[in-house]
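Fit chain P to the given chain U structure using the hints.
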Amino acid sequence: MRVNRAVYLNTLRWFLDSPARLMAAGLMAFLAYLAVGGMAHIQINGVASGLFSTPGALAGGGDKALVLLAWILGVGVIRREVASGAIQLVLLRPLTRASYVLSKWAALATLMLAFLVFCYGVLLLRGGASSMAPGDLGLLFGAQAVQTLALAAVLTCLSAVPFNLGELGLLLLAVVGLLITAHYAESLDQAWMRSLVDFGYKVLFPRVGPFTGAGTDGVDSVASLLFNAGVTMAALGSGMAMLQRREFTYAETGP
Amino acid sequence: MTGSDDDGMISGRGLSKTYRGGRRPALDNVSLRVQAGEILGVIGPNGSGKTTLMSCLLGLLRPDQGEARVGGFPVAGIPARSLVGYLPERLGFDRWMKGSDFLAYHHALAGQPASDRSGDVEAMLTDVGLERAAWSRPIRGYSRGMLQRIGMAQALIGKPRCLFLDEPTSGMDPDGVLQTRARIQAFAASGGAVVINSHQLDQLGKLCHHVLFLKEGRLEAHQRLQGGAGLSWFVEWLAKEGVASKAKAVLDKLGLEGARLAKSTARVDVADEEAAAALVAAMVKAGVPVLAAGPVKGDLERFFTGAAHAGE
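Residue numbers (my numbering), protein chains in the order written: chain U, 24 to 278; chain P, 1498 to 1809.
If you're looking for bench data, these hints aren't it; they were derived computationally from the structure. Honestly, I wouldn't trust all of these hints.
[What the hints assert, rightly or not] According to the in silico footprint, chain P covers these stretches of chain U (three or more CB under 8 Å from chain P):
id, region
1, 101 to 109
2, 113 to 127
3, 200 to 206
[Claimed, not checked] So the derived list for chain P, only partly shown, Cβ under 7 Å to chain U, looks like this:
id, residue
4, Val-1581
5, Trp-1593
6, His-1696
7, Gln-1697
Where is the CB? At the ideal position from N, CA and C, for every residue including glycine.
Chain U with its partners taken away, still in its complex shape (with noise of 0.2 Å):
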């Protein structure tokens, strides 16, 4: 099982080819630099707070900017070439299921990658990355790069699911499911269900921290990139798992 090229580049196409699509990842980029050279400014001039901190602001982001650019890329990366009818073109070629979910999770994954290092590579410019050890910075980065294989693996899964909901009605009635789940954890007392609902919101919204035992400004990368690199796991297992018992015909009495 390997990535397809042709998938792989068909995907970035994709990706690139609709104006709405770059008009709001590059409204991502730009906040994402006006909040990182900010925080950098911040650091240069000394007056950093825990409040606003570098991994604070790094980890910060990658849990809303990543996960807004992930949507706004990811959305139909798979579903939509099944409501089209063009997966079966595609699946008739010799390549394998599991090989065709990987490379649309790769495409879709090293867009967010791009969006990251662009992140670091303006806090490193602008002078921003000097309150923190090149160790620890590291680790924060692998940890965020962790986190975003791993959100580019539950919205490809999500888009591999046989429902006609879509991701986003498919993340909504999740949502409910936890919110319902918190609130009977509350009204019985109940931990093993607060642990779920934790569990759940990890899984879904994949991010940095913070976890048991978080380090600095609340932050645990190591606990965050093996947590993450699990649901990276298991997403994407579940997500090829799906499209390979999936059956495609658009017969007149057919599914």
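Frame of chain U, contents of chain P only:
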């Protein structure tokens, strides 16, 4: 290269499929075999299981029972898919792509060498008759006929050995229909195997070596057509004394002993339109006052009607 192809290039054995929630099987114990060089037509009323059969043969649907093979390989595997070209009825393409990019994408997906890509794409687009100005336009702006043409190009770009075509001439102009027919015949003549789903019986009659009739998911009838790509032709002449014998002499001279001769008409199976033209010319030369000549229409219609109403 193929696997064990004792069963033909394309084969299905006992294929059955019932959709979830379906009241009856969409496909019920259907078997078929298509040899290299053969064209099989699949006909039947709407909802008779034609598309389900094709989807099972392509591996897009998993039959509940039975097995489909392409080139001797199970259809679910990569080796079988290297041999397949498919033109769906519903042309669900990546409509944001330009025509030439779309074809280049499928060339790459089919595992064809990158060094041949631009040459193969250009040759294929030219071959299917897609006007050059459309090559660099997004597919979303294509007419139905243009979509059929690029769909056919997509089906052929991977150099398949087995073609599956669902209504291949739907929405095409007469020129496109003739070109497509010639392309399919050339593909079969080069040793390829073809399965065609279509409601256009006259087209199937001109193309197919044999035809399956499906009804309510079951194989109701199987007809081998005369001469496959050959034609059933009629010649009508002025009914005068001695003309029929002159016509018979011409038919005998041309080796068309199987001709059905009446007082003022003959019905003959000929290889192609050129042979039919030669027959008419020979008759005129022999002094037969030919009034009309042309392909016999309605064979397949009669088969369809007969099979559709069988058992009623």
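Evaluated hints:
no.	hint	result
1	101 to 109	holds (count 4)
2	113 to 127	holds (count 7)
3	200 to 206	violated (count 0)
4	Val-1581	holds, 6 Å
5	Trp-1593	holds, 5 Å
6	His-1696	violated, 13 Å
7	Gln-1697	violated, 18 Å
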